[in-house]
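Colleague: Each chain, written out:
4 protein chains.
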Amino acid sequence: MDKKQKFSVRTDLAVEAREIIEEEKGDIDDGIVVNTEENEYMDITTVEIINENGSRAMSKPLGSYITIESPGLRENDPACHKEITRKLAECITELCSAKSDSTFLIVGLGNWNITPDALGPKVVNRILVTRHMFDTLPEELDGAVRPAAAVSPGVMGITGIETGEIIKGISEKMKPDIVIAVDALAARRSSRINAAIQLSDTGIIPGSGVGNKRQALNEETLGVPVIAIGVPTVVDAATLVNDTMGSMLKEMANAVEEGSEFYEMLESIDDEDRYQLIYDTLTPYAGNMFVTPKEVDAVIDRLAKIISDAINISVHNGMTIEDTAKFM
Amino acid sequence: MDKKQKFSVRTDLAVEAREIIEEEKGDIDDGIVVNTEENEYMDITTVEIINENGSRAMSKPLGSYITIESPGLRENDPACHKEITRKLAECITELCSAKSDSTFLIVGLGNWNITPDALGPKVVNRILVTRHMFDTLPEELDGAVRPAAAVSPGVMGITGIETGEIIKGISEKMKPDIVIAVDALAARRSSRINAAIQLSDTGIIPGSGVGNKRQALNEETLGVPVIAIGVPTVVDAATLVNDTMGSMLKEMANAVEEGSEFYEMLESIDDEDRYQLIYDTLTPYAGNMFVTPKEVDAVIDRLAKIISDAINISVHNGMTIEDTAKFM
Amino acid sequence: MDKKQKFSVRTDLAVEAREIIEEEKGDIDDGIVVNTEENEYMDITTVEIINENGSRAMSKPLGSYITIESPGLRENDPACHKEITRKLAECITELCSAKSDSTFLIVGLGNWNITPDALGPKVVNRILVTRHMFDTLPEELDGAVRPAAAVSPGVMGITGIETGEIIKGISEKMKPDIVIAVDALAARRSSRINAAIQLSDTGIIPGSGVGNKRQALNEETLGVPVIAIGVPTVVDAATLVNDTMGSMLKEMANAVEEGSEFYEMLESIDDEDRYQLIYDTLTPYAGNMFVTPKEVDAVIDRLAKIISDAINISVHNGMTIEDTAKFM
Amino acid sequence: MDKKQKFSVRTDLAVEAREIIEEEKGDIDDGIVVNTEENEYMDITTVEIINENGSRAMSKPLGSYITIESPGLRENDPACHKEITRKLAECITELCSAKSDSTFLIVGLGNWNITPDALGPKVVNRILVTRHMFDTLPEELDGAVRPAAAVSPGVMGITGIETGEIIKGISEKMKPDIVIAVDALAARRSSRINAAIQLSDTGIIPGSGVGNKRQALNEETLGVPVIAIGVPTVVDAATLVNDTMGSMLKEMANAVEEGSEFYEMLESIDDEDRYQLIYDTLTPYAGNMFVTPKEVDAVIDRLAKIISDAINISVHNGMTIEDTAKFM
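Chains as they are written, first to last, in our numbering: chain A, -6 to 321; chain B, -6 to 321; chain C, -6 to 321; chain D, -6 to 321.
There's no promise every hint is true.
Pairs count within a copy or across copies, as identical chains cannot be separated in the list.
[Claimed, not checked] Only pairs whose alpha carbons sit at most 27 Å apart, straight line, appear in this in silico BS3-like list of lysine-lysine: (1) Lys80 <-> Lys18; (2) Lys166 <-> Lys80; (3) Lys287 <-> Lys298; (4) Lys53 <-> Lys18; (5) Lys92 <-> Lys243; (6) Lys161 <-> Lys80; (7) Lys298 <-> Lys75; (8) Lys287 <-> Lys18; (9) Lys287 <-> Lys53; (10) Lys75 <-> Lys166; (11) Lys75 <-> Lys18; (12) Lys80 <-> Lys243; (13) Lys18 <-> Lys92; (14) Lys92 <-> Lys80; (15) Lys298 <-> Lys243; (16) Lys75 <-> Lys287.
These aren't lab readings, by the way, just hints derived from the structure by calculation.
Remember, predicted model here, so these are calculated numbers, not experimental data.
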């Protein structure tokens, strides 16, 4: 991990990257198109990065980023989860543009030994895997399912091998038409922890959340489209301190007279300096600390259910949300 | 949880309670006697609360609180862990004053579903339980072990029953001579997370760490001495933000001219107001968020090994640290 | 474990005890009333032991034993499981005769470290525990739930304490009106493994299945009615060999001429001698070996869901089978 | 699974295959060389299959098969385990003929969800993985460790992909010099369950034990030497019944007069017919049932420790058995 941590990159969410640009510059760069939609259960934000300007500003590759946000995601709220599952399945289907005989590889990224990083492996545990028995499926499933395989490659600290290499090796053997990769992400705001699902058609860099950044899984490296699905499950401790402090300083600045010495003082604190100062204060443990809710185990289990159900419904196009209970 | 969170109670460690008094008042109250000792591997601080003044100042009952601190506790450092195990076993033996035929009940407090709260149950999993086969033990163990039983009662959210009631019920049936209770604690400083072990002869209030405070397990409620062993495994998010901010404001205050408007401003921020402000800023999730290191699973496993080994050696007085591997 | 194993006691199921009597004596003893009922999904057999003759013949206490049998129990068959859940809930309700304000204690017997013995603890994990928050329940649940607590006391090898003592101790503190105890059982026939659920109003002896027999949990020892729910999850290896061999010898005997030397030989092999011979042949490991299906983990999980759903519906009388997903 | 199960193939152990040949033919075929060695702690049998005759008779490929047998393997016997670990490490080193800079890939075969099949994944969890940090190792480890990677590929029912394909894909990317594959095996005799470790230089067919047979991992398929390490963890139920019955029939035959009708009868029962009869009697569940000891979880954990320690010592040639505790 670099000594100098740059604050602006401490989020994997396109919606947050956009917020930061807005905060810093007051307007959205050209190259970014944002659409929002909301209903009783959730807010849906689509961020399209359409050119290099947008990509540079956002520090993210060109493509579509869809974020489904709902505080209900972290509650035990079956009605809400059912609606989000349906919507997520729709979005996956749309991003995949699969053919009737497409073969899918579902990849669960992350470390199964660390609860907030175990989302990917937990999703993979619930995927209806059909590729190995495709020729012997009961007739009633004919046309209802597509060939699907699923692996959790672990993380480099566990295997000694780049996760990207493992997936490339497996992919070259089994030749999927579409890869769906699921991972835990890092968010900037604690209010988004376990309360948002991001999809994109741009692939993914394993270990963005709890782990360390690694080589990408995307169409360029794997030769087939890679749909990424992620949930922010942690905020790093330094980011949390920084953002909370930022909000408080802003409130204090509002309370003092514009032009006063104190106001100038507060204004003069550079965001990145402040982040660096916090990072140093928290050192030596800061880089290894994260903030997570108490009930993280149950929340991750429910999120894994939502995402795996949505993938199962989308991949196995004859399946309904009711069928998912039947097979899983 | 109360709306108004009082900052000064956000630690279970006597060493931290004493630090806070020092910070606030500049000196140690009467009624508290502190001794420190250190060696290559660890610092040992003994805080004795000897009268009501001390108890009130520390918000803790009269008795001895021994804290073994070492950054090595959170590393995979077998040499250091061996020394700490030995020292811990010594301290347990001293606090217990057990007879040759004393029966022990080891209680593992905390929620096994939440990693940083699972320390107690993990320790219990590694206790050499002998009470049920005491009459049929191999002769070679004669005189080497004492009758020991061990339970992890769960938490009230899991059982629907006060943990204190469960332990009282079991204790009345099996009639132990000494209870040793192990629990995860909350610390104030992130630098102490998983880096300190506190023992005391004052009993324990289950759920001090991650959970909610409950009725005490102590000599008064159980009728026999209760030795408490705890490790701070979490810092709550609001405490972390507050303390980091406190350090930074102090640095800023040092940097500005005494008497200046800004200096006055900084000085005027009351500690408790600040904590409340942070708590409110982090709400609605703050009360449910904690800060923990990434590798928490492995660290808790190693801490459970140290504490269970020390208990096994102390309870089974004929056992050496080498024997612990043999039976566990 | 005794040297001399008696074959006739190697089952916990009343339906099997009755079969054995029938095989041995050709008719059912007085003191036993049997009723059967079947539908598309399951067979239901009610065995009532109504006097001491029946009790002696069956080696079981007086009372009602209801067995729900279905091969669908070990398949992933949601429609079948739903019907069995409903029926089981009905039977529990009937056996309990609870009042509107009765307090329930659900006890999950067995060893959570041994998959086929973990049924009880897994059921307890899914019980909607309400006793601790009964005064603060949302109004919508008013009248819909009753106070319920749930514990998994472990086994004596883990705790060093008789399971019966732990439950008695807890029961004396929390004073339930009804205890429901769930345990894994041993069956005689491999075809019944994970394919039958037995309920009774006679209480239970922990450790009948995988473990060793212990003191009873029943109205006499706990002072309140104890409903027992069990599933046969294992057959011991010696029983399996013996029964398979018995079937084969019977076939061989049918094939040879009556009165021939061979026929006499086959007839002359005493059942208990044969069992003893097999047990000795399998020794020293026989007593510790059991037969279980490969997919035991998934099957036990599904059985735990069925039983916990049925208990939740029966205990919380305002709940429907649809609600169980909502709260669990 | 074929309808007609052939008895003679129901073992993965070369020592058992040889026993069966001996029983059936009374002598050992040419093409097989057997050496035995024993000490206080264990028996070591080396079976060399040196030509096609031997290979055909044994139904196993040409190569060396070393079996370390000890009843102590299934006890908690640290002294015995230490000696076996040392011996196993020696055997691995000899079979590997590794160079000072050889890269190792350790493969843990089997299904982590089924305890007796989880040996391979559990071994992999304890391997000291170094390949990813080889350039940044502390100097004290210079020359003491070699680059090692480790993966548990799962089973086809979990991933939808042939295990052989996954390992080939990974192997082509990371290019190991030597593969060490660990798997659970099926034994014929219940006395060998968890009491023998077999090594060979012939590679392995995943899923021999609990699972179904799949394509081989060997020098031919992977292009580098494949050392296989396996422990018999189960006996299938039909094999157990058959062998027990066989022993008993033999005793009965010994007891009757030679030439009598009964003797002829007993002699006339063909071994394969008997196995088929038992298999049919146990159907429909026989193929899915296995026999395993109660304490299987603890035994598998200890076996995984022995095998992983031996691999760590052999792969990291500067490590001693004392070091394994340090890093694991």
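Colleague: Now, for every hint given, state plainly whether the structure supports it.
Modeller: To see whether the hints hold, each was checked on the structure:
no.	hint	in the structure
1	Lys80 <-> Lys18	neither (33 Å within a copy, 58 Å between copies)
2	Lys166 <-> Lys80	neither (32 Å within a copy, 38 Å between copies)
3	Lys287 <-> Lys298	both (19 Å within a copy, 24 Å between copies)
4	Lys53 <-> Lys18	within (18 Å within a copy, 52 Å between copies)
5	Lys92 <-> Lys243	neither (52 Å within a copy, 59 Å between copies)
6	Lys161 <-> Lys80	neither (30 Å within a copy, 38 Å between copies)
7	Lys298 <-> Lys75	both (10 Å within a copy, 20 Å between copies)
8	Lys287 <-> Lys18	neither (36 Å within a copy, 34 Å between copies)
9	Lys287 <-> Lys53	between (31 Å within a copy, 26 Å between copies)
10	Lys75 <-> Lys166	neither (36 Å within a copy, 41 Å between copies)
11	Lys75 <-> Lys18	neither (38 Å within a copy, 56 Å between copies)
12	Lys80 <-> Lys243	neither (37 Å within a copy, 50 Å between copies)
13	Lys18 <-> Lys92	neither (43 Å within a copy, 59 Å between copies)
14	Lys92 <-> Lys80	within (20 Å within a copy, 44 Å between copies)
15	Lys298 <-> Lys243	neither (39 Å within a copy, 47 Å between copies)
16	Lys75 <-> Lys287	within (24 Å within a copy, 31 Å between copies)
When held up to the earlier numbered hints, the structure conflicts with 1, 2, 5, 6, 8, 10, 11, 12, 13, 15 and fits the remainder.
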